[in-house]
Amino acid sequence: MSVQEDHKEPFTEDPITPKPSDHDIPNGGYGWVCTVCCAVLMAHTWGINSSYGVFLAYFLSHHIFTATRLDYALVGSLSMAITLLVSPIATYSVRILGTRKTPLLGTLIESAALISASFSRRIWHLYLAQGVAFGIGAGLIFVASVTILPQWFSTRRSLASGISACGSGLGGLIYSLASQKLIDTVGLRWAYRILGIVAGTANLISSLLMRDRHAQTGTIHNIFDTSLLLKQEVWLLILYGWASLLAYVVLIYSLANYSMTVGLTPSQAALVSALFNLGQALGRPPIGYFSDSVGRINMAAAMSTLAALFALFIWIFAKTYAGIIAFAILEGAVAGTFWTTISPVTVEVVGLKHVASALNMEWIAIVLPSMASEPIALEMVRRTHSYLPAQVWTGGMYLLAAGSMVLLRGWKIGEGRGVLKNMGRWKMV
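For the sequence shown, my numbering gives the first residue as 671, with consecutive numbering after it.
Keep in mind that the hints were calculated from the coordinates and are not lab data. Since this is a predicted model, take the numbers as computed values, not measurements. All C-beta atoms in this analysis are idealised placements derived from N, C-alpha and C, irrespective of residue type, glycine included.
DEER-style ranges, computed between Cβ atoms:
(1) Tyr700 - Arg1052: 42 to 52 Å
(2) Thr855 - Leu767: 31 to 41 Å
(3) Gly857 - Val706: 30 to 40 Å
(4) His733 - Thr990: 20 to 30 Å
(5) His795 - Trp702: 35 to 45 Å
(6) Glu1049 - Gly698: 44 to 54 Å
(7) Trp794 - Ser731: 13 to 23 Å
(8) Phe983 - Leu1038: 21 to 31 Å
Taking the hints into account, I'd like the entire structure generated from these sequences.
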């Protein structure tokens, strides 16, 4: 549904009532197969990327490449940034090669990157392999798959998105534990090689099973539709992404190292990282499910607020093994709200036809915060010899993310009549 169409409808309309443009959307069927495939792809892209916290803790304690803390932090941040930065190329590839061949190409590149990382002898080798090459492969897979689910669902769109997004949490859980076990048993280099082989196999099967509905939905694969930047609501989406990533990246990469600084062993730290990802796997489907009933923008605002409160009132005081585990699970359930909600919320704002272009702009916009977040946090830790500034930073960024959704909520209710005038009316989106 386009923004113009949305403006013609009264704000009291039930948000999950199918619109005329939704009548030809299956709202299930083979879409559930695509949902499972997307979850597997997320597990073997973002999930493996999330497990870098285990590798980071290992690098920091063993000084493998005689590099600085900032060097090691930039490897993980660079892979995330490149994953997002290649979105225009990935969109163009989808237009030329199609939805199936693009993630297959990404699968080949990602697997080669992980195996190549096992041969790294200097830090810049790791930058190129795990940072740049892995990011390119993961980006081709992620961007090609993320716009498919909205084409298969209408009233269950957020639920499908939540199930898909939980794949990254489940993958992070599995590969955080597996990576630590592999490092302990077969060593760092073979850990990379095994990850590359497993990821390649899983992504290959899932990519072959994916099926899009571009022809039926009329999805436009413009790399950028700059006219969208003239809309205030699109800038609120971008602010939401900025703030969310500035907080989220700190958590996925720093929890293991934080755990070790308060006296936990590497194995315990790896378990903390794994439980954080378990929280993501458990939390994302319910967020998606309830978003379809209580409102997608409402849920994004509420869960971002909850993430801020957990960071400010639990993480700061979590010094024991039990306390850190409790925080990891609770925070994990809501920390990745952005990834669960961004696709359905973007459809709410710009319509299904323009979602690919809008998401491209979102991915490019959050490259900088995804790359800078962990180095910023580690620099805070280095200067103050304490994680407190990084913890406050994380909570503050989640509050900013929630605030952007509150403003977007006001725009949605006002439907073009002005945000501030309608901020007091909190109805379902």
